[in-house]
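These protein sequence lines map, in sequence, to chains A and B.
Residue numbers for the first sequence follow my numbering, beginning at 1 and rising by one.
Residue numbers for the second sequence follow my numbering, beginning at 260 and rising by one.
Because the hints were derived from the structure by calculation, they are not lab data.
In this text, a Cβ means the ideal position worked out from N, Cα and C, and glycines have one as well.
A couple of the hints might just be wrong.
[What the hints assert, rightly or not] Subject to a maximum C-alpha distance of 35 Å in a straight line, what follows is the list of computed DSBU-like cross-link-like pairs (lysine-lysine):
no.	chain 1	residue 1	chain 2	residue 2
1	A	LYS189	B	LYS366
2	A	LYS150	A	LYS192
3	B	LYS262	A	LYS192
4	B	LYS366	A	LYS39
5	A	LYS37	B	LYS366
6	A	LYS37	B	LYS262
[Said to hold, decoys possible] Computed beta-carbon distance windows for the label pairs:
no.	chain 1	residue 1	chain 2	residue 2	range
7	A	ARG38	B	ASP439	20 to 28 Å
8	A	ARG38	B	ASP495	46 to 54 Å
9	B	VAL288	A	GLU196	29 to 37 Å
10	B	LYS262	A	LYS37	25 to 33 Å
11	A	GLU127	B	LEU443	38 to 46 Å
[Stated by the list, open to error] Simulated coverage check for chain B against chain A, where a stretch passes if three residues somewhere in it have a Cβ under 8 Å from a Cβ of chain A:
no.	stretch
12	363 to 372
13	383 to 390
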Amino acid sequence: MSSEQDDFAIQCDGLGKAYQFYVNYNDRLRQVLFGRKRKYYREFWVLRGVEMKVRRGESLGIIGRNGSGKTTLLQIVCGITAPTEGTIRTHGRIAPVLALGAGFDYELTGRENAKIGCAILGLSRSEAAERLEAIADFAAVGEFLDQPLKYYSSGMASRLAFAVCAHVDADILVVDEALSVGDEAFCQKCFKFFEEYRKRGTLVFVSHDLGQVAALCDRAVWIDQGRVRVAGDPAATTEAYHEALISEGDRVDRFHIGP
Amino acid sequence: MRKVFVQPFERAWQYRELIQVILWRELSVRFRNSFFSWGWAVAAPVSMLVVYTAVFSTTLKVSTESSSAGLGYYALSIFAGLIIFNLFSELLLRAPTLIHEHAPFVKRSIFPSEALAWIAMGRALVYAGIALVVLLIFELIFTRMLPWSVLLLPMLFVPLCLFLLGATWFLAALGAFTRDVSHLFITIVPLFLFATPVFYSALDVAEPVRWVLYLNPLTGFIEIARDILLRGSWPDPTTYLISTLVAVVVFVGGYAFFTRYRDLAIDVI
Numbered sequence: 001m002s003s004e005q006d007d008f009a010i011q012c013d014g015l016g017k018a019y020q021f022y023v024n025y026n027d028r029l030r031q032v033l034f035g036r037k038r039k040y041y042r043e044f045w046v047l048r049g050v051e052m053k054v055r056r057g058e059s060l061g062i063i064g065r066n067g068s069g070k071t072t073l074l075q076i077v078c079g080i081t082a083p084t085e086g087t088i089r090t091h092g093r094i095a096p097v098l099a100l101g102a103g104f105d106y107e108l109t110g111r112e113n114a115k116i117g118c119a120i121l122g123l124s125r126s127e128a129a130e131r132l133e134a135i136a137d138f139a140a141v142g143e144f145l146d147q148p149l150k151y152y153s154s155g156m157a158s159r160l161a162f163a164v165c166a167h168v169d170a171d172i173l174v175v176d177e178a179l180s181v182g183d184e185a186f187c188q189k190c191f192k193f194f195e196e197y198r199k200r201g202t203l204v205f206v207s208h209d210l211g212q213v214a215a216l217c218d219r220a221v222w223i224d225q226g227r228v229r230v231a232g233d234p235a236a237t238t239e240a241y242h243e244a245l246i247s248e249g250d251r252v253d254r255f256h257i258g259p
Numbered sequence: 260m261r262k263v264f265v266q267p268f269e270r271a272w273q274y275r276e277l278i279q280v281i282l283w284r285e286l287s288v289r290f291r292n293s294f295f296s297w298g299w300a301v302a303a304p305v306s307m308l309v310v311y312t313a314v315f316s317t318t319l320k321v322s323t324e325s326s327s328a329g330l331g332y333y334a335l336s337i338f339a340g341l342i343i344f345n346l347f348s349e350l351l352l353r354a355p356t357l358i359h360e361h362a363p364f365v366k367r368s369i370f371p372s373e374a375l376a377w378i379a380m381g382r383a384l385v386y387a388g389i390a391l392v393v394l395l396i397f398e399l400i401f402t403r404m405l406p407w408s409v410l411l412l413p414m415l416f417v418p419l420c421l422f423l424l425g426a427t428w429f430l431a432a433l434g435a436f437t438r439d440v441s442h443l444f445i446t447i448v449p450l451f452l453f454a455t456p457v458f459y460s461a462l463d464v465a466e467p468v469r470w471v472l473y474l475n476p477l478t479g480f481i482e483i484a485r486d487i488l489l490r491g492s493w494p495d496p497t498t499y500l501i502s503t504l505v506a507v508v509v510f511v512g513g514y515a516f517f518t519r520y521r522d523l524a525i526d527v528i
């Protein structure tokens, strides 16, 4: 392995993802059964030609409008979904925080859910057991920790979920709009966590809070309709994005399927 | 060869802790918030067996093979059949919706989707295991001793599990693309209760047409179970060989199908 490769935590080359859209539901089955002969779907390119490199230890902010392909990009980075074209290479253990509390069960207690959350994020049982106290401290849900999750407020559940994510040691932390939950005090705590984390790991961070992106990231990428529109200095990128938001407005023709 | 025979086990071993934790989650949710909790898991098979014994040892005598063997035996024979049948039906009814059910796992976290089949099978096996213990206890009460062939149970479960895993993988991948698979199984599984020798034995069916019954993969497994658990003999070699062969084919084919379509499946759910 060359040293140049070693420097990068994430390397995307000409990355593209097409989802298949079907006119009617049965075509989907036909595609599986007879897909070799013809296509029963229309392709929708969520991402196309994305070049992105993230250095080891770098914090990258990803901004863009709804439906621009941010989450899909994160899913590809995490290996959850496969790219249709192009290549992706990652180095190191990835912890995805794409949805807070993915896999939580509302009948189980907070403590039990924390254990499951750790397992899903790739911790062994002994590692999870070691960290449970620290997770409980961070979440600060008090006696609710041993109550079923269904009695939690949504903010409390998110606190617990974030606390779990904050305690897996990942080389690359991939976060999708996680800071929009919780009260001001908890957001501060999360923010502080990210500041700390930046010193030891690589962070990829999607947010609609441009201030946060500017404050937390070394570099920002603006994704627009599946392509990188601007990349570089976070202040300049968020500025350009903000101006475009105002001048382009919110029009219905942004969402269209097809080439 | 390696890819289809060794890889599924290697990967399951790699994810064993995750499989354990999620299995534990599913099991512990089941009887939570009930006073008798796991008592219910035992109560269901016990009450079923008591009723079968009462009904089938007095009035209804459908099977000549089993009922000639004495009181209680017929009920045990039905019960052995039902354990296998319920194991199949729980998994096959659930498999088509398995990926839908775990969408947050497979779409929002790095989750090995193939582990879902192991978890689902684990859960079904736990219930089958409880029922099996109940069966053995009743057999001990009825006959005062257990046949030596009970020790051969792993011989039954190895091909049985291979079959179930393969079928679950296949149906889970297919079910992600169309809900019809799920509806199909909801429709035909109850019918299969009668096309399967649960309330009768394959030996009750006249020799010339008996092979038709064996087209149903459950028949082989149920008769193997009865040989081992009740008749106290080695399983019939032909039945055993064919069942094992079918199981291996289903396992390999199911895994290959699943690995081929899982990426697409995750995109469409």
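These are the hints, each one checked on the structure:
1. LYS189/A x LYS366/B: holds, 27 Å
2. LYS150/A x LYS192/A: The hint holds at about 28 Å.
3. LYS262/B x LYS192/A: violated, 46 Å
4. LYS366/B x LYS39/A: holds, 25 Å
5. LYS37/A x LYS366/B: OK: LYS37/A and LYS366/B at ~29 Å, within 35 Å.
6. LYS37/A x LYS262/B: Holds, at about 27 Å.
7. ARG38/A x ASP439/B: 20 to 28 Å: Holds, since ARG38/A and ASP439/B (Cβ atoms, about 21 Å apart) stay within the stated range.
8. ARG38/A x ASP495/B: 46 to 54 Å: holds, 48 Å
9. VAL288/B x GLU196/A: 29 to 37 Å: Given about 35 Å between the Cβ atoms, the range holds.
10. LYS262/B x LYS37/A: 25 to 33 Å: holds, 27 Å
11. GLU127/A x LEU443/B: 38 to 46 Å: Taking Cβ atoms as reference, GLU127/A and LEU443/B lie about 43 Å apart, which means the hint holds.
12. 363 to 372: holds (count 8)
13. 383 to 390: violated (count 0)
Checked against the numbered hints listed earlier, the structure breaks hints 3, 13; every other hint is satisfied.
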